Structure formats: structure tokens, C-alpha cells
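Chains as they are written, first to last, in the UniProt record's numbering: chain A, 1 to 140; chain B, 1 to 140.
Derived from the structure by calculation, the hints contain no laboratory data.
Among the hints, a few may not be true.
One copy or any two copies: either way a pair holds, since identical chains are not told apart in the list.
[As the list claims (entries may be wrong)] Pairs of lysine to any residue residues, derived as SDA-like cross-links and limited to a Cα-Cα distance of at most 25 Å, are as follows:
no.	residue 1	residue 2
1	Lys-16	Gln-50
2	Lys-61	Arg-87
3	Lys-61	Pro-13
4	Lys-16	Trp-34
5	Lys-61	Val-138
6	Lys-61	Arg-5
7	Lys-16	Glu-132
A quick note: this is a predicted structure, and the numbers were derived from the prediction, not measured.
2 protein chains.
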Amino acid sequence: MTERRDLAAMLHPLVKALIAAEIRALEPHGISMWAYVVLSALDDGPVRTQAALAEAVGADKTRIIGTLDRLQEAGLITREPDPGDRRARLLAITDAGRRRRRAAQADIQEGEELLLATLSPGDRAAFLRVAETLANNVGP
Amino acid sequence: MTERRDLAAMLHPLVKALIAAEIRALEPHGISMWAYVVLSALDDGPVRTQAALAEAVGADKTRIIGTLDRLQEAGLITREPDPGDRRARLLAITDAGRRRRRAAQADIQEGEELLLATLSPGDRAAFLRVAETLANNVGP
DNA sequence: CATTTCGATAAGCATGCGCCTATCATCTAC
DNA sequence: GTAGATGATAGGCGCATGCTTATCGAAATG
Numbered sequence: 001m002t003e004r005r006d007l008a009a010m011l012h013p014l015v016k017a018l019i020a021a022e023i024r025a026l027e028p029h030g031i032s033m034w035a036y037v038v039l040s041a042l043d044d045g046p047v048r049t050q051a052a053l054a055e056a057v058g059a060d061k062t063r064i065i066g067t068l069d070r071l072q073e074a075g076l077i078t079r080e081p082d083p084g085d086r087r088a089r090l091l092a093i094t095d096a097g098r099r100r101r102r103a104a105q106a107d108i109q110e111g112e113e114l115l116l117a118t119l120s121p122g123d124r125a126a127f128l129r130v131a132e133t134l135a136n137n138v139g140p
Numbered sequence: 001m002t003e004r005r006d007l008a009a010m011l012h013p014l015v016k017a018l019i020a021a022e023i024r025a026l027e028p029h030g031i032s033m034w035a036y037v038v039l040s041a042l043d044d045g046p047v048r049t050q051a052a053l054a055e056a057v058g059a060d061k062t063r064i065i066g067t068l069d070r071l072q073e074a075g076l077i078t079r080e081p082d083p084g085d086r087r088a089r090l091l092a093i094t095d096a097g098r099r100r101r102r103a104a105q106a107d108i109q110e111g112e113e114l115l116l117a118t119l120s121p122g123d124r125a126a127f128l129r130v131a132e133t134l135a136n137n138v139g140p
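Take the sequences, apply the hints, and build the full model.
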């Protein structure tokens with residue numbers, strides 16, 4: 001009935017190319033993929049535990065420790081013990097971190113625009129809308 | 001200006017979920033991801049060298065050897081020395097391979113339809129069309 | 001208070017992959 | 001022919017990742 005290729009077969013190369021471009025765009029800003037993902041997550045609001053952050057960004061909780069160390073050292077995030085429960089660390093982005101994240105995001109989206117520019121305005125809007133919808137459908 | 005999340009951030013989780021679902025769908029058919037990708041590539045037409053196949057499926061040429069071994073052993077592909085250049089191996093899918101691939105693809109797409117079913121017909125069509133377009137834009 | 005639970009951290013192990021090298025057979029060019 | 005290029009294959013190295021365990025400080029529970 002359906003005459004089409006598999007979704008994964010179409011989207012996987014696309015995502016690989018997007019990620020490669022993203023890594024290239026991130027390099028001048030001196031932050032890694034994971035660092036950027038963490039900054040983005042914290043830009044949406046602070047997080048009470050590192051486990052929650054790891055869960056939110058889809059990473060192993062033992063994996064992001066080094067990333068947090070480097071971000072903190074660079075002054076892009078703060079990581080203070082929760083006064084209410086001193087086992088937990090309150091994670092928040094700093095103003096410098098926010099600026100860094102916004103600048104990096106601008107470069108990333110600039111690159112993505114080159115791809116999207118080939119689409120008709122209608123297709124472009126529909127694609128972004130659907131991508132957002134589907135991403136939310138599988139995530140939570 | 002552009003008020004949206006990064007494309008990669010939206011599509012990556014989606015692709016991960018699609019691939020996980022694909023692996024699950026493939027299991028009853030007794031073939032791996034790479035085997036399915038190889039079968040799909042050969043279903044579109046035979047290939048003269050393994051290096052060309054590896055290139056086509058985006059894999060390392062030393063990585064697919066084991067996959068080809070198993071596919072050949074299972075009778076799903078043929079791998080014969082090219083009479084014209086006996087260094088090269090002519091790769092082709094067998095009828096059994098084609099049946100296996102078609103059956104697996106049907107299961108995979110059935111799962112994908114569950115996701116796409118939440119979309120309006122217009123959005124669904126636009127999304128598939130754009131995904132195909134973008135995949136072709138980054139691939140070659 | 002003593003036991004148990006929980007969060008962060010470090011360390012170890014297995015996996016899968018990209019990359020690089022070596023080997024062997026074959027083909028091509030001179 | 002002889003030298004160099006090409007294809008398949010095997011093996012090893014390094015990296016990133018997921019998963020598991022151990023430790024330690026701090027809470028919570030009884």
C-alpha cells in the first residue's frame with residue numbers, strides 16, 4: 001500500500017549531517033555537543049538534581065559529570081548544594097552561559113537555514129511543525 | 001528572528017525512537033539493522049563491489065564483511081567473483097532475501113504508521129516529501 | 001541512634017564503530 | 001614480465017557509550 005522508503009532510512013542520514021554541522025558550528029564557541037545540550041536544557045530553567053538533568057537530555061547520569069565540571073569551571077553554569085537537601089546539586093545557567101548558548105544556537109540555526117531554504121514556505125513550516133510534534137510524541 | 005528549537009534536537013530523539021522500533025521489528029525476522037540496510041540496498045539493484053555497497057549504505061567497508069557472510073550463509077544474498085575481474089565480488093539479493101526484506105519492511109512501516117497516524121493527511125504528506133528531499137540533499 | 005535510602009562520583013567492563021595497517025590475490029601499465 | 005594499483009579480508013587501536021558496581025556524604029525512617 002504505502003510506497004515509500006523507511007522513515008529511519010531517510011531521517012538518519014539527515015540527522016547525522018545535521019549533527020556533523022552542529023559540531024562544526026560549536027567548535028568556535030569552545031563547547032562540546034553535550035555541553036551545548038546541557039546549556040540548552042538549563043536555559044529553559046534550573047534543575048534540582050544531576051540525575052534529572054541527565055534524564056532530561058537523554059544521557060547517562062555518570063556521563064555528564066565531566067561535562068558539568070568543565071561548564072562550571074568555565075563559569076557557564078553554577079552547581080551548588082541544595083540547602084534543603086545537601087545531597088542534591090542545584091544546577092543553573094549563568095548569564096555568560098546564556099550568552100554563549102544563544103550565540104552558538106544562532107550559528108547552528110544559520111546553518112540549518114541553508115538546508116531549509118530549499119523548501120517552499122509551506123513545506124518548511126509544515127516540516128518544522130511535524131518534527132516538533134513527533135519529537136514530543138516519542139520523547140515523554 | 002527564528003523562534004524554534006534546533007532541528008537536530010528535535011529529530012535526533014525521533015530517529016533514536018524509530019531505530020529502536022526498527023530493531024524490535026527486525027528481531028522476529030532474524031536479521032540485524034545492517035543486514036536489513038544491505039538487503040534494502042541490494043533490492044534496488046545488484047552491486048559490483050563490496051566497497052561500493054559499503055559506500056552506498058554509509059558503513060565502513062571492513063564492517064559489513066561479517067554481515068555479508070551471514071546473509072550469504074542464510075541464502076539471502078549471493079556473493080560471486082566477478083568473471084571479468086575476479087578481485088571483485090558481484091553482490092545480489094536472492095528471491096528469499098527479497099521476500100525477507102519485503103516482510104521486514106512491512107512490519108517496520110506498520111510501526112511507523114502509528115506515529116504518522118497522528119498527523120493530518122496534509123502534514124503527513126508534506127513531512128514525508130520534505131524528509132525525502134532533505135535526505136537526498138545531504139546524502140550525495 | 002541505627003539502618004536504610006538516595007545523590008554524586010569514580011572506576012570497570014563490554015559493545016559498536018571509525019580508522020589505519022598488513023596480507024593476499026588479481027588486474028593494469030609499462 | 002615486472003611494478004604498481006585495486007579489492008577483499010583480518011586484526012588492532014582508540015573513542016564514545018551504556019551498564020554495573022563501589023564509595024561516601026547526607027537524609028529519612030524506624
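Consistency of the hints with the structure:
In this assembly of identical chains, the alpha carbons of Lys-16 and Gln-50 lie at most 25 Å apart only when taken from different copies (23 Å versus 27 Å within one copy). With identical chains, the CA atoms of Lys-61 and Arg-87 are at most 25 Å apart within one copy only, with a shortest distance of 15 Å there and 49 Å across copies. For the identical chains of this complex, Lys-61 and Pro-13 are inter-copy neighbours only, at 17 Å across copies versus 28 Å inside a copy, given an alpha-carbon limit of 25 Å. In this assembly of identical chains, the alpha carbons of Lys-16 and Trp-34 lie at most 25 Å apart whether taken from the same copy (15 Å) or from different copies (16 Å).
For the identical chains of this complex, Lys-61 and Val-138 are intra-copy neighbours only, at 21 Å inside a copy versus 33 Å across copies, given an alpha-carbon limit of 25 Å. Proximity of Lys-61 to Arg-5 under the C-alpha cut-off of 25 Å is restricted to the inter-copy arrangement: shortest distance 24 Å between copies versus 36 Å within a copy. For the identical chains of this complex, Lys-16 and Glu-132 are neighbours both inside a copy (18 Å) and across copies (15 Å), given an alpha-carbon limit of 25 Å.
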